[in-house]
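Student: Residues per chain are reported as follows:
Number of protein chains: 2
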Amino acid sequence: MSEVLIVGSVAYDGLKTPYGSADRVLGGAATYSSLAASLFAPVKMVGVVGDDFKDSDMALVKRHGINTDLVTKEKGKTFYWKGYYENDMAVAHTVKIDLGVFERFDPHITGRSRNVPFVFLAAIHPDLQMNVLKQMVKPKFVVLDTRDLWINITKPALMKVLKKTDLVVVNDQEIRLLTGEMHLMKGARALQKLGPKTVIVKKGEHGAMLFGQGWTFLSPAVPLDYVVDPTGAGDTFAGAFIGYVARAGKLTPEILKQAVIAGNLVASFTVQGLGTKSIAALNKAKLKKRAVDYHKFASIPKVTI
Amino acid sequence: MSEVLIVGSVAYDGLKTPYGSADRVLGGAATYSSLAASLFAPVKMVGVVGDDFKDSDMALVKRHGINTDLVTKEKGKTFYWKGYYENDMAVAHTVKIDLGVFERFDPHITGRSRNVPFVFLAAIHPDLQMNVLKQMVKPKFVVLDTRDLWINITKPALMKVLKKTDLVVVNDQEIRLLTGEMHLMKGARALQKLGPKTVIVKKGEHGAMLFGQGWTFLSPAVPLDYVVDPTGAGDTFAGAFIGYVARAGKLTPEILKQAVIAGNLVASFTVQGLGTKSIAALNKAKLKKRAVDYHKFASIPKVTI
Numbered sequence: 010m011s012e013v014l015i016v017g018s019v020a021y022d023g024l025k026t027p028y029g030s031a032d033r034v035l036g037g038a039a040t041y042s043s044l045a046a047s048l049f050a051p052v053k054m055v056g057v058v059g060d061d062f063k064d065s066d067m068a069l070v071k072r073h074g075i076n077t078d079l080v081t082k083e084k085g086k087t088f089y090w091k092g093y094y095e096n097d098m099a100v101a102h103t104v105k106i107d108l109g110v111f112e113r114f115d116p117h118i119t120g121r122s123r124n125v126p127f128v129f130l131a132a133i134h135p136d137l138q139m140n141v142l143k144q145m146v147k148p149k150f151v152v153l154d155t156r157d158l159w160i161n162i163t164k165p166a167l168m169k170v171l172k173k174t175d176l177v178v179v180n181d182q183e184i185r186l187l188t189g190e191m192h193l194m195k196g197a198r199a200l201q202k203l204g205p206k207t208v209i210v211k212k213g214e215h216g217a218m219l220f221g222q223g224w225t226f227l228s229p230a231v232p233l234d235y236v237v238d239p240t241g242a243g244d245t246f247a248g249a250f251i252g253y254v255a256r257a258g259k260l261t262p263e264i265l266k267q268a269v270i271a272g273n274l275v276a277s278f279t280v281q282g283l284g285t286k287s288i289a290a291l292n293k294a295k296l297k298k299r300a301v302d303y304h305k306f307a308s309i310p311k312v313t314i
Numbered sequence: 010m011s012e013v014l015i016v017g018s019v020a021y022d023g024l025k026t027p028y029g030s031a032d033r034v035l036g037g038a039a040t041y042s043s044l045a046a047s048l049f050a051p052v053k054m055v056g057v058v059g060d061d062f063k064d065s066d067m068a069l070v071k072r073h074g075i076n077t078d079l080v081t082k083e084k085g086k087t088f089y090w091k092g093y094y095e096n097d098m099a100v101a102h103t104v105k106i107d108l109g110v111f112e113r114f115d116p117h118i119t120g121r122s123r124n125v126p127f128v129f130l131a132a133i134h135p136d137l138q139m140n141v142l143k144q145m146v147k148p149k150f151v152v153l154d155t156r157d158l159w160i161n162i163t164k165p166a167l168m169k170v171l172k173k174t175d176l177v178v179v180n181d182q183e184i185r186l187l188t189g190e191m192h193l194m195k196g197a198r199a200l201q202k203l204g205p206k207t208v209i210v211k212k213g214e215h216g217a218m219l220f221g222q223g224w225t226f227l228s229p230a231v232p233l234d235y236v237v238d239p240t241g242a243g244d245t246f247a248g249a250f251i252g253y254v255a256r257a258g259k260l261t262p263e264i265l266k267q268a269v270i271a272g273n274l275v276a277s278f279t280v281q282g283l284g285t286k287s288i289a290a291l292n293k294a295k296l297k298k299r300a301v302d303y304h305k306f307a308s309i310p311k312v313t314i
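Protein chains in written order, with this note's numbering: chain A, 10 to 314; chain B, 10 to 314.
With the rest of the complex left out, here is chain A (with noise of 0.2 Å):
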């Protein structure tokens, strides 16, 4: 079993959704990201808080063993999003963003850190993300995330950091911004020639999508009777993701396959609680069960023809 490095954002939240509200609950997507991690592998979190980051807050996290050494405290506000969700709940609005602290982090990674061979870069600048990157020793396996906005603005820094990394999660809107292709497939194939080998294409209710060398596959999202608040999905996703890798400490298609199944089980539980509430309850046993429940309904009999 490997380690995991994981650097994003730590945040508090002001979240509004058809089905709940509550205003500075614990997110960010390091924070999202490690606690699924750590269901399956040790993690080392870096991150910055700010002086009014609750010491309750930091325990839960340190409470699911995950190592919060390089998670820095700064005089000043800890970033802040404000956002709320309509009846299409694949949308996030937002109300307001203070980044705090957040504007001046400048992650130092320090002694063994620098050798964790699984890292997994959140969506943040893409100078933090090489910063990062250039500190590690020969990393094993590198995931990247991103989002429109640094598509948008920071696109030559994202090439930079694309050609670095062993595999990239999107959505079908960021490969079409990211690749100019329409077509879902042809994008993920325009992005492995991009530099990652391989592509993981987030399709929300639909599933996702894992693009390798010459091979395809599909994992369908866990069918859910209620979902509360879709915050923090994806960033689940990719951290039950990484966390599966580690733990496995090999690059198979068939462990890749697996991990896809794992960060999907993992984000449907994130959905269905306000904020990090349901994924910092949940456990073993309850991922065990869904994960017999899914296997049920995704498993695909072979058909004669």
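A hint or two may mislead.
Note: identical chains are not told apart, hence a pair may lie in one copy or across any two.
Claimed, not checked - DSS-like cross-link-like pairs, simulated, lysine-lysine; straight-line CA separation at most 27 Å: (1) Lys-305 x Lys-266; (2) Lys-286 x Lys-195; (3) Lys-84 x Lys-105; (4) Lys-25 x Lys-86; (5) Lys-293 x Lys-311; (6) Lys-63 x Lys-84; (7) Lys-173 x Lys-91; (8) Lys-305 x Lys-206; (9) Lys-286 x Lys-82; (10) Lys-266 x Lys-297; (11) Lys-311 x Lys-266; (12) Lys-298 x Lys-266; (13) Lys-311 x Lys-206; (14) Lys-206 x Lys-293; (15) Lys-149 x Lys-202; (16) Lys-173 x Lys-195; (17) Lys-195 x Lys-305; (18) Lys-311 x Lys-25; (19) Lys-25 x Lys-195; (20) Lys-305 x Lys-212.
Think of the hints as simulated: they come from the structure by calculation, not from any bench.
We have chain A already, so just place chain B on it with the hints.
Tutor: Frame of chain A; chain B shown alone:
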């Protein structure tokens, strides 16, 4: 192996998509679904054509082993539909509809045809669907298709047919119109209470979902490098589905699941040619090859939690 009786439109279509166009090509729901079903089981097709219907088109249908004794030829024109698709090929834009002889379509099921056990009622007026059903002698399995038009203007008649239906095939918009439920899974369960024990929700490029009694199954769509014309995809799916079930002659969850996959596989050929061109040229060898690829793409490995 049991026979399938299929009732629906036989048409000439004027088609235009970003990838090709043709006028007065063989089409219609009964045509697509009969060609698809004939890959698996003997088919009796019920429909009406005008005196402009070409002998070569009738010969094409017969060449697939489809019994056309109940396809009557009337004085007048064959049903004509003209439409086009833009880049979003999920939406068909109608330019012209000329019902022709289809306006007076009055299907008579005679002799041994009344004892055919598997019945597919394509999306025609629910009064016509009921008319056919009343002529059948204890059918074993009735599959119903419909469309937004009939839900909007003939809902009470449609509700009566639904009560006598074993399985209904809908898309997400139709399920909302029929049940008032926005949530697809809740909508499917509401629909099961209106008659059909089994519901299939077609999700286009995202595959098809099968709702049984207490179980759910998803078959992802076949990933395609290119699509030429989506016309007839739904009819093809339904035809291949009922053909597969009729060949098996039993209604177990396992057979129904396999039949959904068969529906997706066969429909994936239809959309790669203009009109019925590709489905008419399909054979078992091509289908087998695609089935092998599909299993590589969609087979779900066991995850270790």
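Student: With 27 Å as the alpha-carbon cut-off, assign the pair Lys-293 and Lys-311 to within, between, both or neither.
Tutor: between (30 Å within a copy, 15 Å between copies)
Student: For the identical chains here, do Lys-195 and Lys-305 meet the 27 Å Cα criterion within one copy, between copies, both, or neither?
Tutor: Between copies only: 19 Å across, 31 Å inside.
Student: Using 27 Å as the alpha-carbon threshold, which applies to Lys-84 and Lys-105: within, between, both, or neither?
Tutor: Only inside one copy: Lys-84 and Lys-105 sit 21 Å apart there, 68 Å across copies, limit 27 Å.
Student: Pop the pair Lys-266 and Lys-297 into one bin, within, between, both or neither, using alpha-carbon distances up to 27 Å.
Tutor: Cα proximity of Lys-266 and Lys-297: in one copy and across copies (17 Å, 24 Å).
Student: Evaluate Lys-311 and Lys-266 at a C-alpha cut-off of 27 Å and name the case that applies: within, between, both or neither.
Tutor: both (19 Å within a copy, 10 Å between copies)
Student: From the Cα coordinates, with 27 Å as the cut-off, is the pair Lys-305 and Lys-212 best called within, between, both, or neither?
Tutor: both (21 Å within a copy, 20 Å between copies)
Student: Cα distance capped at 27 Å. Does Lys-305 pair with Lys-206 within a copy, between copies, both, or neither?
Tutor: Result: close only across copies, 19 Å inter versus 31 Å intra.
Student: First find the shortest C-alpha distance between Lys-149 and Lys-202 inside one copy, then the shortest across copies, and answer within, between, both or neither for a cut-off of 27 Å.
Tutor: within (20 Å within a copy, 53 Å between copies)
Student: Measure nothing new, just compare the shortest in-copy and cross-copy C-alpha distances for Lys-25 and Lys-86 to 27 Å and report within, between, both or neither.
Tutor: Within one copy, since 21 Å is at most 27 Å while 57 Å is not.
Student: Can you tell me if Lys-173 and Lys-91 fall within 27 Å by alpha carbon in one copy, between copies, both or neither?
Tutor: neither (33 Å within a copy, 51 Å between copies)
Student: At most 27 Å between CA atoms: does that hold for Lys-25 and Lys-195 within a copy, between copies, both, or neither?
Tutor: Between copies, since 23 Å is at most 27 Å while 36 Å is not.
Student: Please work out whether the CA atoms of Lys-311 and Lys-206 approach to 27 Å or closer within one copy, between two copies, in both situations, or in neither?
Tutor: between (30 Å within a copy, 24 Å between copies)
Checked against the numbered hints given earlier, this structure breaks hints 7, 14 and 18; the rest are met.
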